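Trainee: As a plain string of letters, each chain reads:
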Amino acid sequence: MSALYLLVIVSICVAGAFLAAFIWCVKTNQYEDQKGSSLRMLYDDEFQREIYK
Amino acid sequence: MPAVEEDKIFIREKKNKALPLCYHCGTPCITNTITIDDNVFCCDGCLLVYEILNKNGLCDYYKLQSHPGLSQIKPVRKDKYAYLDNDEIAKQLYKFTNGDYTIITFYIPGVHCSSCMWLLEHLNKVNNGIIESRLNFTTKEITIHFSKNKISLRKITELLATIGYEPYISLDEANKKKTKNFNKSKIYKLGVAGFCFGNIMMMSFPEYLSHNSGIEQQYAHLFRYMNLALAMPVFFYSASEFFVTAWKGLLQKTLNIDAPIALAIIITFLRSIYEIAGNTGGGYLDSLCGIVFFMLVGRVVQERTYKSISFHRDYKSYFPIAVNVVTVNGIQSKRLQELKEKDIVQLHNDEIIPADAIVLKGNAFIDYSFVTGESEPVAIMQNEMVYAGGKQVGEQLTIQIIKPVAGSYLTSLWNHYAFSKDKEEKNDAGSAIHVLSRYFTWILLSLALCTAIYWSVYDPSKIIISVTAMLIVACPCALLLCVTFTNGNLLRIFSNNGLFLRDATVIEQLGKLDHIVFDKTGTITQSGNNHFICSGHQLTEEEKDLLYSVISPSKHPYSKAIAAWLGHRGASQVSAWKETPGKGLDAIINGNRILVGSGEFAGIPKDKIKEGNASVYIRINDKITSFHTSSVFRDSIPQIIPALSQQYKLSLLSGDNDRQKILLEDLFGKTSELLFEQKPIDKLHYIESLQQNNKHILMIGDGLNDAGALQQSNVGITLADDINNFTPSCDAILDAKRFAFLPSVLKLAKASRYIIGASFIVSIIYNIIGLFFAMQGILRPMVAAILMPCSTISIVIISSGVSSLVARRLHLSLKIKE
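The listed protein sequences correspond, in order, to chains A and B.
Letter 27 of the first sequence, counting from 1, is numbered 27 in my numbering, and no numbers are missing.
Letter 129 of the second sequence, counting from 1, is numbered 129 in my numbering, and no numbers are missing.
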C-alpha cells in the first residue's frame, strides 16, 4: 500500500506537466489564431525564414 | 412642347452570369480584352496583381482557391500613402525598430481565405527587404519584419495595396494594443482551478467510498493534506478576482453578486482547514474548487470577444491620419493633430475633409452621407464652406482650413455629455442579477441567523457546523452560472446570425426594448443601389448613342452614373463640347444640340423643375428628358417593418429631405413618427426625449451622423454591409445581409429573460435541498460534492439547451454560415 505515496506523487506530476503545457500554450499565443495554424500546415513548400544579419 | 411620355423606372441590372469570370477576383468580365496566359481579367488592376505574382513565382496563390483575389477595379491613388514617409507618423506605427530592423503590424480587412494567407506569408519573395511576414487569420493582422534600409514603410504599404490587401491604418492603432492581453490571466486562473479541482476530486474518493469502515489513518492524512496543498493555489490565485470585486463593492457599501460567493469561498476554506487540522474530516475542498472552476468557466464563456471587430470607434478612426498641406516648400503631409487654421489642404477623390474649410480651387462635389445622412452629393461653389467629414467626389480640390479639427461641426457632437457616460457600467449596475443577488444575500444571512438562534437553544455545539454548512451550500454560484451560460450561448447564437454584441450586458437591454428608431440613408435604403427614374421624353437608341458621346468625357459623378446606365456604346464625332462647372455640358453632334445639366441650364421653365430632386435634365434639340435617382429599400425591409411594428413602436429619423415621405408612410403605417432633415444632434435629442418618457430605445443606424443617437439610446445597433469596415461606436454590429433576422433576434433576447428565470428556479430548488440538510447540521461533504456539480451541470444544460431550442423555433441558425 505504501506504493500509494509514489503513485499519488507521480499522478500529480503528470497532471502538473499538462497544466504547465496548457499555460505555455496560452502564453505563447498558440490559441490566438486557430484557423490560421490549421491552414498554414497545409502549404507544401516550407516557409523559408532568412536569418537576419 | 414635347409630348408627355410616361416615367420609366430602371433598376440597375444584376450582372450576367454567362460572362467569363476574372481569374484573379471572380468578377464577371464585361470586356474580354484583358487577357494574359489564357486567363481573363476584369480590369487592369487584377492583371497587374497577376503579373506581380507570376514574376515572383507566387502563382500557387491561384491553386489554393479559385478566384482568391479582391477586385482591383478601384485603383489606389498614387500618393495615398505618401504620409508614411513622414518619420513622426511612421514611428507611431512601428512595434519595434532599431533603425534598420523593424517590426510592424497592420490590420488587413480583406483577408478571407487560405490563398490570402499563403500570399501574405510569402511577401519576402516579392521584395527581399521583407524578412518575414506572419498573418494572424483570426484577427486579420499581419506582422511584417523588414529592413528599413532596403524597403520603406510606404513601399510595403503600397505593395500590400497593389496586391489587393490594403491595410487599414488609423490613429487609434496605439490604443488598440492595450486591450490585447487582457483576458489571458483569466485563462490561467481557469487552468489552475481545473487542474486542482480534478485532482482534489480524485483524492477525495477514498474518503467518500470507505465511509463506513474508514480508511487507514496514514492514508487519510496523505489525501487530506494533498487536497489542502492543491486548494491553496485555487484559493489564493484563481479565486482572487471574486475577493477583489466583492471588496470593491463593500468599499462602495453595496453587496454585489461576488460578495456572497467570496464569503462562501472563505468560509469553506476556513472550515476545511479546521476539519483537516483537527483531524475530524476531509473538509469541503472539492466543492470549493468546483465552485471556483465552474464560475470561471461561465465568465470566460460570457466574455467572448470578437477579435476583428471594434465597437469603440469615433470620428478619429474615420478621418485620415495625415493630409497633404500646401506650403512654401511644396506639398507636405502633415499629421491631423498638427493641422492648424489657415492651412491649405489638397484633397483627392474619395478623401475626407478633415476640418471645416473654405473651397479655394476645384469643383467641390461633397458627399455628406456619412455626416448628415443626405444621400446625394452636393455641389459647392468656390469660397463657400465645406464641413468636416464630407467626402470629395471627383477631381482634386484645394481647401483652406478655418476651424481646428476638434472644433468642427461634426466633431463637436462628441463633446455632448452622452459620450462621457460609460454604457457598459450603466447596463451592468441596473442588471437584474445585481438586484436579485442583494435579496439573496440578505435572505441567506437572516436564515443563517435563525438557524443559529434555533441551535443555541437546543444544541449549541451544532451552531458552527450548521451555519458554516449553510453558507457553503447556498452559494449563489448556480444563480450566477445560469446567467453567464445563457448569455454565453446567446452571444454565440447572435453572432452566428450576424449580430455581434459588444458584451453580454447588451442582451438584457435588448430584451427590455419597446421602441425602435431607424435611420433612413444606408439603413432602410441601400447605399450604392439606386433606381433610375427617367421621365419626359424616352430616349431612342440613337439618342442614347449621342448622349453617351457627350457625357463620357465628363468626370462629374452624375455623368459617370448615366454613362454606367447607358452601358458601353460607340462614341460619335463631337463637333463642339463645353463643360460649365456646377451647371452642365453643352455639345453639338451632327448638328444636334445636346444640353446635359441642371434644369436651368437645359432651359426648362422654372415651374417645370421639380424642387428638391437631384435630377439631371437632358435636352436633345427640343426634346427634354429628366433623370433622377431614387434610393432603393433594402430587400428585407418590407418584411421587417410590419413584423416589428406589431411589437414595438417605430420611428424614423432621416437627415435627408422628405421626398420619399409618402413611400415611407406606407411602409411604417400611420402610427409611426417620421422625421426628416434631422441633424446628428437632433437625433440624439429625439432619443433623449423618448427616454424621458421611460421608453427603452433601440437605435439602428449606420453612419457618423447617427453616432450621437447610437450612444444615447439603450441599445445602438450599427448596420454594416461589411462588418470589418468603419462603424461608429455602438453596442452591437449587425451584418446587413442578415437584417431579415432582426425580429427573431429581438424575440430571442426577450425570451432570454424567461430562460434565465427558469434556470434560476432550478438553482433555488437545489439551494433549498442543500439548506434543508445544512440547517439540520447533517450536511456531509459528499452530499455537498454531489449537489454542487449536479446543480451546475443541470443549469448549463437547461440554459444553453432551452436558448438553442428557442433559437431553432425562431428559425435562427445555430451554426456559423460562411
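A hint or two may mislead.
Claimed, not checked - To list a few chain B residues with every Cβ distance to chain A over 10 angstroms, as calculated: (1) Thr139; (2) Lys184; (3) Tyr409; (4) Phe676; (5) His685.
To be verified - Below, computed lysine to aspartate or glutamate pairings styled on EDC-like, alpha-carbon distance capped at 16 angstroms: (6) Lys150/B with Glu88/B; (7) Lys35/A with Glu141/B; (8) Lys184/B with Glu32/A; (9) Lys80/B with Glu395/B.
Hints listed in this document are in silico derivations from the structure and should not be mistaken for laboratory results.
Small disclaimer: the values here were computed from a predicted structure and weren't measured.
Idealized CB from N, CA, C, for every residue including glycine.
Trainee: Hey, does threonine 139/B actually stay past 10 angstroms from chain A on C-beta?
Mentor: violated, 7 angstroms
Trainee: Check whether the Cα positions of lysine 150/B and glutamate 88/B lie no farther apart than 16 angstroms.
Mentor: With a Cα-Cα distance of about 19 angstroms, the restraint between lysine 150/B and glutamate 88/B is violated, given a limit of 16 angstroms.
Trainee: Beyond 10 angstroms on every Cβ pair: is that true for tyrosine 409/B relative to chain A?
Mentor: For tyrosine 409/B, whose nearest Cβ neighbour in chain A is about 41 angstroms away, the distance exceeds 10 angstroms, so it holds.
Trainee: Is the nearest CB of chain A more than 10 angstroms from the CB of histidine 685/B?
Mentor: At roughly 43 angstroms from the nearest Cβ of chain A, histidine 685/B sits farther out than 10 angstroms, so the non-interface label holds.
Trainee: Are all beta-carbon distances from phenylalanine 676/B to chain A longer than 10 angstroms?
Mentor: Holds: least Cβ distance 45 angstroms, greater than 10 angstroms.
Trainee: Would you assess whether lysine 184/B, listed as outside the interface, keeps its beta-carbon beyond 10 angstroms of every beta-carbon in chain A?
Mentor: violated, 6 angstroms
Trainee: Between lysine 80/B and glutamate 395/B, does the CA-CA distance stay at or below 16 angstroms?
Mentor: Holds - the C-alpha atoms of glutamate 395/B and lysine 80/B are around 15 angstroms apart, at most 16 angstroms.
Trainee: For the pair supplied as a hint, lysine 35/A and glutamate 141/B, confirm whether the alpha-carbon distance does not exceed 16 angstroms.
Mentor: holds, 13 angstroms
Trainee: Run the distance test for lysine 184/B versus glutamate 32/A: straight-line Cα separation, threshold 16 angstroms.
Mentor: Holds, because 11 angstroms separates the two Cα atoms, which is no more than 16 angstroms.
In this structure, the earlier hints numbered 1, 2 and 6 are contradicted, and the remaining ones agree with it.
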